[in-house]
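J.: Chain residues, written in single-letter form:
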Amino acid sequence: MIKKYNARSRLIFSLSMSIGIIIIALILSYSLSDDLLVTDFSQKSLPPSWLHLFGTDWLGRDMLTRTLKGLRLSLAVGFVGAFVGATIATCLGIMAATLGKKADAIISWLVDMFIGIPHLVFIILISFMVGGGVKGVILGVGLTHWPSLTRIIRNEVLSIKNSEYIKLSRNFGKSRAFIVIGHILPHILPQIMVGFLLLFPHAIIHEAAITFLGFGLSVQTPSIGLILSEAVKHISIGDWWLAVFPGLLLILIVKSFDGIGEQFRMLINPNSANQ
Amino acid sequence: MSLIAENIGFWYEKNNWLFQNVNFELKRGEVVGISGYSGCGKSTFAKVMANYLSPIAGRVVVDNKAFVKGSYQPVQMIYQHPEKALNPKWRMYRSLTESYQPDQEILDRFGIREEWYHRYPVEISGGEMQRFCIVRALAPETKFLIADEMTTMLDAVTQAKIWKELIKICRERNLGLMIISHETELLAKLCDRILSVQEMQCGV
Numbered sequence: 001m002i003k004k005y006n007a008r009s010r011l012i013f014s015l016s017m018s019i020g021i022i023i024i025a026l027i028l029s030y031s032l033s034d035d036l037l038v039t040d041f042s043q044k045s046l047p048p049s050w051l052h053l054f055g056t057d058w059l060g061r062d063m064l065t066r067t068l069k070g071l072r073l074s075l076a077v078g079f080v081g082a083f084v085g086a087t088i089a090t091c092l093g094i095m096a097a098t099l100g101k102k103a104d105a106i107i108s109w110l111v112d113m114f115i116g117i118p119h120l121v122f123i124i125l126i127s128f129m130v131g132g133g134v135k136g137v138i139l140g141v142g143l144t145h146w147p148s149l150t151r152i153i154r155n156e157v158l159s160i161k162n163s164e165y166i167k168l169s170r171n172f173g174k175s176r177a178f179i180v181i182g183h184i185l186p187h188i189l190p191q192i193m194v195g196f197l198l199l200f201p202h203a204i205i206h207e208a209a210i211t212f213l214g215f216g217l218s219v220q221t222p223s224i225g226l227i228l229s230e231a232v233k234h235i236s237i238g239d240w241w242l243a244v245f246p247g248l249l250l251i252l253i254v255k256s257f258d259g260i261g262e263q264f265r266m267l268i269n270p271n272s273a274n275q
Numbered sequence: 001m002s003l004i005a006e007n008i009g010f011w012y013e014k015n016n017w018l019f020q021n022v023n024f025e026l027k028r029g030e031v032v033g034i035s036g037y038s039g040c041g042k043s044t045f046a047k048v049m050a051n052y053l054s055p056i057a058g059r060v061v062v063d064n065k066a067f068v069k070g071s072y073q074p075v076q077m078i079y080q081h082p083e084k085a086l087n088p089k090w091r092m093y094r095s096l097t098e099s100y101q102p103d104q105e106i107l108d109r110f111g112i113r114e115e116w117y118h119r120y121p122v123e124i125s126g127g128e129m130q131r132f133c134i135v136r137a138l139a140p141e142t143k144f145l146i147a148d149e150m151t152t153m154l155d156a157v158t159q160a161k162i163w164k165e166l167i168k169i170c171r172e173r174n175l176g177l178m179i180i181s182h183e184t185e186l187l188a189k190l191c192d193r194i195l196s197v198q199e200m201q202c203g204v
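Just so you know, the sequences run in chain order A and B. Using our numbering, the letters of the first sequence correspond one by one to residues 1 to 275. Using our numbering, the letters of the second sequence correspond one by one to residues 1 to 204.
Hints listed in this document are in silico derivations from the structure and should not be mistaken for laboratory results. Hints may contain errors.
[To be verified] Here are some of the chain B residues that sit facing chain A, going by a computed Cβ distance under 8 Å:
#1 Y52
#2 G70
#3 S71
#4 Y72
#5 Q73
#6 A85
#7 L86
#8 N87
#9 K89
#10 Y93
#11 S99
#12 E199
A quick note: this is a predicted structure, and the numbers were derived from the prediction, not measured. The C-beta atom is built at its ideal place from N, Cα and C for all residues, glycine as well.
Using the sequences provided together with the hints, build the complete structure.
T.: In structure tokens:
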């Protein structure tokens, strides 16, 4: 007989799988030596083999090493970008819900406006304005990914704002800042966490996308987007491994993060946690 | 010194008055009962008096002064459901000391034990939570207390104990106490005078 697991234990299992994949990728990116990145024309354009699992590129660099190191930078950029986005969303969401009707109207209007603009166009614009590079990508991703989370946080704060203990706190003469930090923030922390985790894969994908389009990171920084954009030129001469493996790894990592966010959301939601 | 309602009126739906032209005075050291059937506006009246809701018409004043926002309010309220009046993510001690630092004497009088301090609201009983809520409302700055169906969900023995202590403290500190309840026997036993929201409306 196959033992039936409930949704909770299945969630925890796949959650640890996703985290495991990301940790392995991170450890490998640190443990692989930089010697494999040295240009070596005797090893040029080799297809995947046991010695070079992802093959080598047109300069004889090991693609596995390049991909993993690039992934590390992508993860870092994604992390900071998602952090910036989540911080903006938290501040604006709380402000919309607590500072009265006018602030709410202005912020809701901003949210609607930003949701209407395509992300990619806006990221390219911001990245171009601040001069590209890591800074451009982080700002671009952070400044475009707050609207939906802002909306979630605003609604969440509105729903607990009128609870009796917050009214009592106000009658005890507590300041608005005290109520936000002491009463409201701990309640919306799970939502912020989920929002942050779901922003993460977006941030990584967009980083790769704008670097691929040439508006992001500079050529000497190793990043997935750059690897993919260079690989396109070599696919036509048959070097398929340059694009396929880094692309697959990117999808795997992004799906892992997406899974973590989704599963975390299901875990903290009492309706779905114990199904 | 008194808490006075001057011609107050309130509605939830526009022009559908729940009560209107209510005049009421609560003096310090007085215990007043408000009774009435369910849905007649007892709790709403209590909330208006405690400044949780602003009256649509008229005004509520303490010593001829309107309520000052952002400071400790002289009128405090104790709710029917203590579990809603406590932040579920805070331990009891943090909730207890949110308004002021109570001394040991008052904690002993309401039988609050130290072992409850580090529990969350879900880990103690309703009666125990209500004691915390009462002590929390009894800060030195409190001049008037409004108890909205405070002991409805407690057993008779606990009810008697809590009321005895609360009335004693109100007499000692010269606090005005307004008790909202549908139990007329309880009100008859505790209060100096009993009113209903309907009776307070002029011309009805």
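J.: Against this structure, judge whether each hint is valid.
T.: Status of the hints after comparison with the structure:
no.	hint	result
1	Y52	6 Å, holds
2	G70	6 Å, holds
3	S71	5 Å, holds
4	Y72	4 Å, holds
5	Q73	4 Å, holds
6	A85	5 Å, holds
7	L86	6 Å, holds
8	N87	5 Å, holds
9	K89	5 Å, holds
10	Y93	14 Å, violated
11	S99	4 Å, holds
12	E199	28 Å, violated
In this structure, the earlier hints numbered 10, 12 are contradicted, and the remaining ones agree with it.
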